[in-house]
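Could you build the full structure based on these sequences and the hints that come with them?
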Amino acid sequence: GENVEQHPSTLSVQEGDSAVIKCTYSDSASNYFPWYKQELGKRPQLIIDIRSNVGEKKDQRIAVTLNKTAKHFSLHITETQPEDSAVYFCAANGGGFQKLVFGTGTRLLVSP
Amino acid sequence: GAVVSQHPSWVICKSGTSVKIECRSLDFQATTMFWYRQFPKQSLMLMATSNEGSKATYEQGVEKDKFLINHASLTLSTLTVTSAHPEDSSFYICSAVGTGLNQPQHFGDGTRLSIL
Numbered sequence: 003g004e005n006v007e008q009h010p011s012t013l014s015v016q017e018g019d020s021a022v023i024k025c026t027y028s029d030s031a032s033n034y035f036p037w038y039k040q041e042l043g044k045r046p047q048l049i050i051d052i053r054s055n056v057g058e059k060k061d062q063r064i065a066v067t068l069n070k071t072a073k074h075f076s077l078h079i080t081e082t083q084p085e086d087s088a089v090y091f092c093a094a095n096g097g098g099f100q101k102l103v104f105g106t107g108t109r110l111l112v113s114p
Numbered sequence: 441g442a443v444v445s446q447h448p449s450w451v452i453c454k455s456g457t458s459v460k461i462e463c464r465s466l467d468f469q470a471t472t473m474f475w476y477r478q479f480p481k482q483s484l485m486l487m488a489t490s491n492e493g494s495k496a497t498y499e500q501g502v503e504k505d506k507f508l509i510n511h512a513s514l515t516l517s518t519l520t521v522t523s524a525h526p527e528d529s530s531f532y533i534c535s536a537v538g539t540g541l542n543q544p545q546h547f548g549d550g551t552r553l554s555i556l
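Going down the list, the sequences are from chains A and B. Start counting the first sequence at 3; every next residue gets the next number (this note's numbering). Start counting the second sequence at 441; every next residue gets the next number (this note's numbering).
To be clear, the hints were calculated from the coordinates, so they are not data collected in a lab.
Derived SDA-like pairs (lysine to any residue); straight-line CA-CA distance at most 20 Å: (1) B:Lys481 x A:Thr12; (2) A:Lys101 x B:Val502; (3) B:Lys481 x A:Leu111; (4) A:Lys101 x B:Thr471; (5) A:Lys101 x B:Thr497; (6) A:Lys60 x B:Pro544; (7) A:Lys59 x B:Gln543; (8) A:Lys101 x B:Gln500; (9) A:Lys60 x B:Gln543; (10) B:Lys460 x B:Pro448; (11) A:Lys24 x A:Lys59; (12) B:Lys481 x A:Leu42; (13) A:Lys101 x B:Phe507.
All values reported here derive from a predicted model rather than from experimental measurement.
Below, the structure is given as structure tokens:
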């Protein structure tokens with residue numbers, strides 16, 4: 003089955019800096035890769051997703067890149083703000099288009 | 441749009457009791473709902489996939505008799521933790537997927553379950 007690894011586990015940046023979180027997956031059949039943001043004690047919220055037919059997707063300060071050959075995808079947050087502080091999870095669907103396997107999470111701390 | 445409501449948000453009960461958690465899609469129909477368990481500072485672990493009108497599919501290692509799932513309608517799935525024990529204490533989160541093609545998962549607020 004699918005296995006998703008995520009790095010780093012924690013990331014501290016200064017406000018205004020960029021943050022990059024990387025994930026690798028094992029199942030070449032995976033074709034859907036969402037990213038979720040979870041604040042303490044709250045629900046995971048979808049912030050961006052990408053499908054295997056594109057290599058990059060951008061939404062304001064957030065972008066995701068996908069390298070199918072290397073089986074890795076990354077989340078890029080530019081001009082970070084304190085409210086970006088949260089745990090971020092990547093996921094892959096293992097080709098099953100709905101069922102997701104999540105990475106272990108990255109705790110992002112943006113200091114003012 | 442795509443709001444998922446989960447109740448209760450927090451429950452404390454004695455060991456041996458059963459607890460039912462509801463997951464509702466408020467503004468869309470969901471043929472598929474997922475139930476996750478999340479330990480503190482850890483990732484989301486999929487417990488089971490719930491499909492409307494059929495039996496749930498459980499992940500390896502999840503006891504189906506312990507965690508009863510019912511998906512009776514396109515907007516409601518329930519998880520019942522039967523004869524709960526302290527080791528069942530955790531954060532349980534559901535998600536729902538709409539009926540259209542390539543729909544993302546939308547999560548509920550989660551239920552914090554504490555068994556004394």
